[in-house]
Amino acid sequence: MTATTDILPDSERRGFIGALPPRLRPYASLMRLDRPIGTWLLYWPCAWSVALAGVGRWDLLLWLALGAFAMRSAGCVYNDIVDRELDKRVERTRLRPLASGRVSLRSAWLLIGLLCLIGLLVLVQLNLTAAAVALASIAPVAAYPFMKRITWWPQAWLGLVFSWGALVGWPAVTGTLGWPPLLLWFGSIAWVIGYDTLYAIQDIEDDALVGVKSSARRLGDKAAAGIALFYTLALILWAAAIWSVRPDWLALAALIPAALHLANQALRADPKDGALALRLFRSNRTCGLLVFLAMLVVGLSTH
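Positions in the sequence shown are counted from 1; adding 4 to them yields the numbering used here.
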């Protein structure tokens with residue numbers, strides 16, 4: 005086996021990335037094109053907010069999806085730039101393009117620039133209020149990779165960032181902010197803490213070795229209970245967002261499918277089973293869809 009083969013992850017030898025020309029594969033890996041779950045999780049709060057506001061412009065759902073893809077991809081590249089030395093010491097991340105030296109730092113920054121141009125294209129489709137709120141996310145996004153060195157709860161900061169779309173979608177439709185998007189945002193933050201704790205379970209041993217903090221390490225054997233608590237808080241806040249738009253007990257029933265889905269995750273979560281935790285984490289793409297359908301039913305019925 006050659007040295008080149010030694011530094012190629014399996015994801016670059018098969019699937020979508022494996023079908024690309026060899027020179028493009030490391031950049032596709034930087035953007036996590038083989039793992040679209042992150043784009044979905046960033047997109048859903050945007051879609052919820054647009055749906056609860058009554059949609060207005062259906063094309064917004066497509067523009068925000070493009071924005072979620074571009075910004076999630078740029079965030080992954082930025083995260084790898086910040087973590088490149090740390091990634092070399094973790095088994096799961098040592099073959100990432102920057103950590104393994106297959107992509108230069110300059111090239112990574114150029115890729116971020118290109119992705120931000122796509123983000124700018126999306127930004128000009130929004131009204132002034134929504135665009136200003138979207139731009140305000142830059143500072144917390146830039147700070148996120150450093151949080152796992154500072155706090156046991158970097159998942160909470162990720163929640164602030166990954167839920168930001170809830171603050172963008174509503175004003176993109178209505179032109180103003182208000183309690184509904186704020187409640188959606190707070191609920192999404194709790195949801196993110198829950199599902200990212202699941203994700204962090206698979207890295208508990210490596211994180212302990214390199215001194216990286218996480219909610220999964222902090223909660224330990226109580227991780228499943230913590231996940232259940234955050235999911236419950238998310239459902240309460242989403243229900244409050246719905247109530248603020250349509251104060252009707254029947255409207256809250258729209259959240260039942262999502263509640264059952266999250267309950268199943270919490271009941272099955274096992275802090276000693278990283279493979280199961282990863283599967284449950286990925287199932288939040290479905291949860292996001294269920295919440296979207298709930299918000300869409302309520303939003304359309306109200307507006």
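What the hints contain is simulated information worked out from the structure, not anything from laboratory work. Among these hints, one or two may not hold up.
Stated by the list, open to error - Label pairs and their calculated CB-CB ranges:
| id | residue 1 | residue 2 | range |
| --- | --- | --- | --- |
| 1 | Gly-105 | Phe-150 | 38 to 44 Å |
| 2 | Ile-154 | Leu-280 | 27 to 33 Å |
| 3 | Thr-180 | Pro-144 | 18 to 24 Å |
| 4 | Arg-110 | Pro-261 | 43 to 49 Å |
| 5 | Ser-108 | Arg-61 | 39 to 45 Å |
| 6 | Ile-240 | Trp-156 | 22 to 28 Å |
| 7 | Ile-122 | Ala-257 | 35 to 41 Å |
| 8 | Ala-279 | Thr-133 | 42 to 48 Å |
| 9 | Leu-254 | Pro-26 | 53 to 59 Å |
| 10 | Arg-61 | Phe-150 | 19 to 25 Å |
| 11 | Leu-280 | Val-128 | 30 to 36 Å |
| 12 | Gly-182 | Arg-39 | 30 to 36 Å |
| 13 | Pro-26 | Gly-182 | 46 to 52 Å |
To be verified - When the alpha-carbon atoms are kept at most 27 Å apart in a straight line, the in silico DSSO-like pairs for lysine-lysine are as follows:
| id | residue 1 | residue 2 |
| --- | --- | --- |
| 14 | Lys-226 | Lys-276 |
| 15 | Lys-92 | Lys-276 |
| 16 | Lys-276 | Lys-217 |
Don't be surprised by glycine CBs; every beta carbon is placed ideally from N, CA and C.
So, going through the hints one by one against the coordinates:
| no. | hint | result |
| --- | --- | --- |
| 1 | Gly-105 - Phe-150: 38 to 44 Å | 23 Å, violated |
| 2 | Ile-154 - Leu-280: 27 to 33 Å | 29 Å, holds |
| 3 | Thr-180 - Pro-144: 18 to 24 Å | 22 Å, holds |
| 4 | Arg-110 - Pro-261: 43 to 49 Å | 47 Å, holds |
| 5 | Ser-108 - Arg-61: 39 to 45 Å | 41 Å, holds |
| 6 | Ile-240 - Trp-156: 22 to 28 Å | 24 Å, holds |
| 7 | Ile-122 - Ala-257: 35 to 41 Å | 38 Å, holds |
| 8 | Ala-279 - Thr-133: 42 to 48 Å | 44 Å, holds |
| 9 | Leu-254 - Pro-26: 53 to 59 Å | 56 Å, holds |
| 10 | Arg-61 - Phe-150: 19 to 25 Å | 36 Å, violated |
| 11 | Leu-280 - Val-128: 30 to 36 Å | 43 Å, violated |
| 12 | Gly-182 - Arg-39: 30 to 36 Å | 34 Å, holds |
| 13 | Pro-26 - Gly-182: 46 to 52 Å | 50 Å, holds |
| 14 | Lys-226 - Lys-276 | 11 Å, holds |
| 15 | Lys-92 - Lys-276 | 24 Å, holds |
| 16 | Lys-276 - Lys-217 | 17 Å, holds |
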